[in-house]
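K.L.:
Start from the sequences, fold in the hints, and give me the full structure.
Okay, here's what each chain looks like letter by letter:
Number of protein chains: 4
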Amino acid sequence: MAKTLNVGMIGYKFMGKAHSNAWLKADKFFDLKARPIMKMICGRDKAGVSQAAFRWGWDQFVTDWRDVVNDPTIDIVDINTPNDTHAEIAIAAAKAGKAILCEKPLAMDVKQGKQMVDAVKKSGVVNMICHNYRRIPALVQAKKMIEAGDLGTIFHYRARYAQDWIVDPNFPLVWRLQSKIAGSGTHGDINAHIIDIARYLVGEFSEVCGQMETFIKERPLPTEQGGLSATGSKKMGKVTVDDTAMFIGKFKNGALANLEATRFALGRKNGIQVEINGSKGSLYFDFEDMNRLKYYNEADPADRRGFRDILVTEGTHAYANHWWPPGHIIGYEHTFVHTVADFVNAVVDKRSVQPTFADGLANQVVLEAVEKSAQTRKWVKI
Amino acid sequence: MAKTLNVGMIGYKFMGKAHSNAWLKADKFFDLKARPIMKMICGRDKAGVSQAAFRWGWDQFVTDWRDVVNDPTIDIVDINTPNDTHAEIAIAAAKAGKAILCEKPLAMDVKQGKQMVDAVKKSGVVNMICHNYRRIPALVQAKKMIEAGDLGTIFHYRARYAQDWIVDPNFPLVWRLQSKIAGSGTHGDINAHIIDIARYLVGEFSEVCGQMETFIKERPLPTEQGGLSATGSKKMGKVTVDDTAMFIGKFKNGALANLEATRFALGRKNGIQVEINGSKGSLYFDFEDMNRLKYYNEADPADRRGFRDILVTEGTHAYANHWWPPGHIIGYEHTFVHTVADFVNAVVDKRSVQPTFADGLANQVVLEAVEKSAQTRKWVKI
Amino acid sequence: MAKTLNVGMIGYKFMGKAHSNAWLKADKFFDLKARPIMKMICGRDKAGVSQAAFRWGWDQFVTDWRDVVNDPTIDIVDINTPNDTHAEIAIAAAKAGKAILCEKPLAMDVKQGKQMVDAVKKSGVVNMICHNYRRIPALVQAKKMIEAGDLGTIFHYRARYAQDWIVDPNFPLVWRLQSKIAGSGTHGDINAHIIDIARYLVGEFSEVCGQMETFIKERPLPTEQGGLSATGSKKMGKVTVDDTAMFIGKFKNGALANLEATRFALGRKNGIQVEINGSKGSLYFDFEDMNRLKYYNEADPADRRGFRDILVTEGTHAYANHWWPPGHIIGYEHTFVHTVADFVNAVVDKRSVQPTFADGLANQVVLEAVEKSAQTRKWVKI
Amino acid sequence: MAKTLNVGMIGYKFMGKAHSNAWLKADKFFDLKARPIMKMICGRDKAGVSQAAFRWGWDQFVTDWRDVVNDPTIDIVDINTPNDTHAEIAIAAAKAGKAILCEKPLAMDVKQGKQMVDAVKKSGVVNMICHNYRRIPALVQAKKMIEAGDLGTIFHYRARYAQDWIVDPNFPLVWRLQSKIAGSGTHGDINAHIIDIARYLVGEFSEVCGQMETFIKERPLPTEQGGLSATGSKKMGKVTVDDTAMFIGKFKNGALANLEATRFALGRKNGIQVEINGSKGSLYFDFEDMNRLKYYNEADPADRRGFRDILVTEGTHAYANHWWPPGHIIGYEHTFVHTVADFVNAVVDKRSVQPTFADGLANQVVLEAVEKSAQTRKWVKI
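Residue numbers (my numbering), protein chains in the order written: chain A, 1 to 382; chain B, 1001 to 1382; chain C, 2001 to 2382; chain D, 3001 to 3382.
Possibly wrong hints are sitting among the right ones.
[What the hints assert, rightly or not] Among chain B residues calculated to face chain C with C-beta under 10 Å, some are:
1. His1156
2. Asp1164
3. Phe1215
4. Asp1243
5. Phe1247
6. Lys1250
7. Glu1275
8. Asn1277
9. Ser1282
10. Tyr1284
11. Arg1377
Hints in this document: simulated from the structure, not taken from any laboratory.
For glycine and all other residues, C-beta sits at the position ideal for the given N, C-alpha and C.
P.N.:
Below, the structure written as structure tokens:
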């Protein structure tokens, strides 16, 4: 009797795992307006996708994404494929009238992104870009406080997304380090996240000035491309993406920005450190402690002011009451469940919720502006 | 073709939710020796259990636990019912030759616990007590290090399990605060956990001396029992369990113990702070930061010694490689998935893994010794 | 024209250094009611005391403490000698009408302590026991908040004083590890501090139950006593004091106590971790971060409660405004300056300020009760 | 018999207090090659300087700095006056052959700084710029580790100096907010510090690109200038310095830089957060916890890597063994004592130690480059 929505998911690897888990769990923990049915999974490798289908309980699998998009029983298309395929699939899905959830980044460039936004506008389908970090309870709490004016006028947004998985020069030249496949390196992969958080919490950028760097210029080719051979010889290839990207800039509302992304910060595994300073208070967040939000309130009595360490697991915190009692933390994967839950309700309501394809496009615009700035060594308006 | 095991779960509320989620996810993230099938769920309230069955995807539901235990197709009985029913169900399940996973505490008292241990011994069934915190990756890492001798001789085990949900004197007299239903209060509910962690990491206790206290002696009866009425009058009832329980003592290996459990520590939501000091190093853990383990290594060079803040999300950490990349944390519910995963393999191997019913019993022995000590105001040998 | 007070300090080693520094600095940073003059320093070793006098700028030095006590120009006697000499010197100083600042512990036992208290009562001299930690700004802030009722009814006082300097079994049998010289070990040396903090912040103990342990029973004698010889042979001696002492208990106001002191916690250098939980909030303090006080306020809005990390360096914090701007921290030695500053003013006012000799005695009473409890393995009333 | 050096200190306010304390304490805690004698203090206000002389025990006071510089008995001139007077005094002192300790910033601009460097070079006097943070034991430890190669190749230097004392728009237009007096705002005052730390730990900058901002453009004039009058009317004045200054850039050794200074980060009292990432490890420091250094060592075993929390109070840590036992922390003022101690020995050795006037000049060069970059909105080479 309950309304259902048939989901077709395209792509089944890392993000496919995160999304499958989300589709599996969303209606167990949230009272959704419709029950998502894990109907169809798609991947080019038959053996791989059939295993994934079996493991996750997808009803059927196909190897051509068109079979998903064209299937009249499918209500939702969930795109987890490599970046260079997003546009084609999403535009086709929009034409077919499907609600679309698309992994970030939206597109390979601004031009392509615009086509996608046009497509969903034209067809009127519900669309969402999967910037799942927007649904970390601590960041939702931050958003709520900023919108309520609890931080006052924002002066500073300062963020760093730091990882350390390619510091070793012998780490091979995987596809993520080749620009023709990955588009960009650290910048598009993780700077994109803290740009999105900035837009979510503070607002639109007005101008940026950045620098990007590749610390290790050559790396051994992966074994399958002739590198790291059994005989021990290493064939090297050129690294064609950035190892780090950072920029300073300004928001339209006058706040200043300082963002930095790197894969060369040993000890920072998935550190997303965000600090926001306003005229009434400050917030601090680190993704490695994602259940916590630090909050400084200038209105506290003078002798007892200090950053509060808020464990965002209370019933009053967004999403948290759907999970476990206070103090019982949640993790990375839950952000996808929250995303899927909100998306399902949006599909039933026939009204997109943030972040939409338009947000994905806006993100791309900032990314490109920073790249242009780094290349031209000039400030770039947005 | 893959081997399967049919699961019958009895009890469907808080722990039923945690266990359902674990049964749902275990074979998605772990390559189990058999696939658990969510066959049957049981609860006394038909409406409630049918909803739970539908929500979680259990194949069928029943309202009498005997229907689970006696069903010849059921391989595993998972007991999540109130404490006073564990013994009867478990003994029946053992007689029926089922593998048994039982929520903690094992039994209402030592005597009952012994009967349960006898029953599983006699029938030879695989049995496990669900002390899920043993499968927090950080504590598994601690165990590994202690067993490898990295801490040397243990001097101190010091732990506190602190919550704050009944500090308000107007919090009603729920069943957990009535001894006839709950057995004990803080002691059996949460002290039991840090006793189990102590036994897991350090060894057996040899003697204890404790005190227990009820800070708030009377509370409003719950609405359904005449309290907190619409007219605003409050009918009070007597709190018959402890609000806090603490004890000092000794382990058989000579280490000293200091354990404390309380529901009266404002700001501590589910804080399980454990410190272990040995002759070569120290460990510190807090459940509110369950993805981290602090480790001090005396063998580090003198000018650079300090507690290391290990983010236990690396591929080399137990269970972690089944989830997400380094730095992408997991949460409370994952400990149940780990437990179920190991249990399923144990069932296939026909060999129980720790913690077994015997561990549950040993825990009960310590709990009773502390209670006796608090009543008699004397040291009690174990 | 400014009033002056002549100080005679007896003992010039570790505490003599801390006190000399305090006498030197007190009137530079505080506007005292009188200027302390570093008049006379006393030590048994002429070479040593003369060097100390020169280094610190004491006007003169003597080798017999009677020369200090009997000098009519001396206003203040500051006792930093070994514990077994406190009583004799203090009683003589009291008879001579001197104001007395005495290092902790007050005496070797309760009996001796009572004589000292009687002596200062009889003579009416201003007296103070140097429990300098009472003047850590963070603890003064804690006191202020507790007295104002901001914590409500206190439920728990939980403290641990942990060090690690004798974990190595080759650490020699210094005087602090010999009971005839040191009285007790960890207990009198550092448990005494957290007992004093308990009495300062929470109130009087009513009963205690403790255990004490010596982990390493024999140690090499110090070189000068024949141990650790040039030939490498080690002559061993028996450790006659406790390595750790811990106790549970109750305060007269109903709060529960859990205190532990140890020299066997690797990585804890001078960790004094104190947590106090009340009906309205909680406080947490660690001496290794002595400029900070953590405060949880239940009255904060439900979605933004959390321990505040108060940096106790603001102008509104006790003593802090005498030092440096906010965020510029102070250290261990400053607590002695605060003590001396308050003591000087007390001398001018002819009115003792806490902690007095009576506090030193009360501390001794608790220490002895815990020792008796550990020996008899029984609860002891206070 | 001990060698002595006569000190003449010019300026007696905030820095005069910090320096007086340092001169007072240096030879009490360090075995210096000469004993500094607090001979002469100088200030323009006779009442003020005489009080300071009395309070701190300076032998005499004068009101004209020339009387210090020209006094043949003076060995050391210590300059703590407003920035616009440094050059004149220092050049005169150099000509008079005095050893010179000068507060930062060295000069008003690069041109002036060069004259000062020339003067000390020509006269050959020992000279030092008081960048006291270089002698925080944690940063000395960082330096030692970086020099030993323990961090490998440096990739990132990332620092933020954040305060919050002028967030309130009613905070008056003090001299520090007026460019004609202060030179610059946040930039010269505190960005200068993290630039110096960068040069100390990482090396020379090669190029920079920055932005500076004044968030609050007008403020009430101070009462003495007609603002904040008794009648409540507020006369406003224009803020002519920056509230925040940040820049990205590059070091000559290829590392990337990201520095930010602000007085608009509520809750950050004197936060100097520095992170350095290299190919073998990372370091993190925060001045608000100045006794700690966080260190990540990639060479640690894979399952136990994590940032170590090193409490830099051990005997093996620079300066620490002169103070108190491990775990007994020191504070802000101690950095001045360390500076003075090293300076005194340098004077005896007739050989300047870092940071010299040349370092002060190099710092100024970077400051000006950032300012130029912010004005021209272009990258600037150094």
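K.L.:
For a quick check of understanding: which of the numbered hints are violated here, in increasing order?
P.N.:
Violated hints: none; all satisfied.
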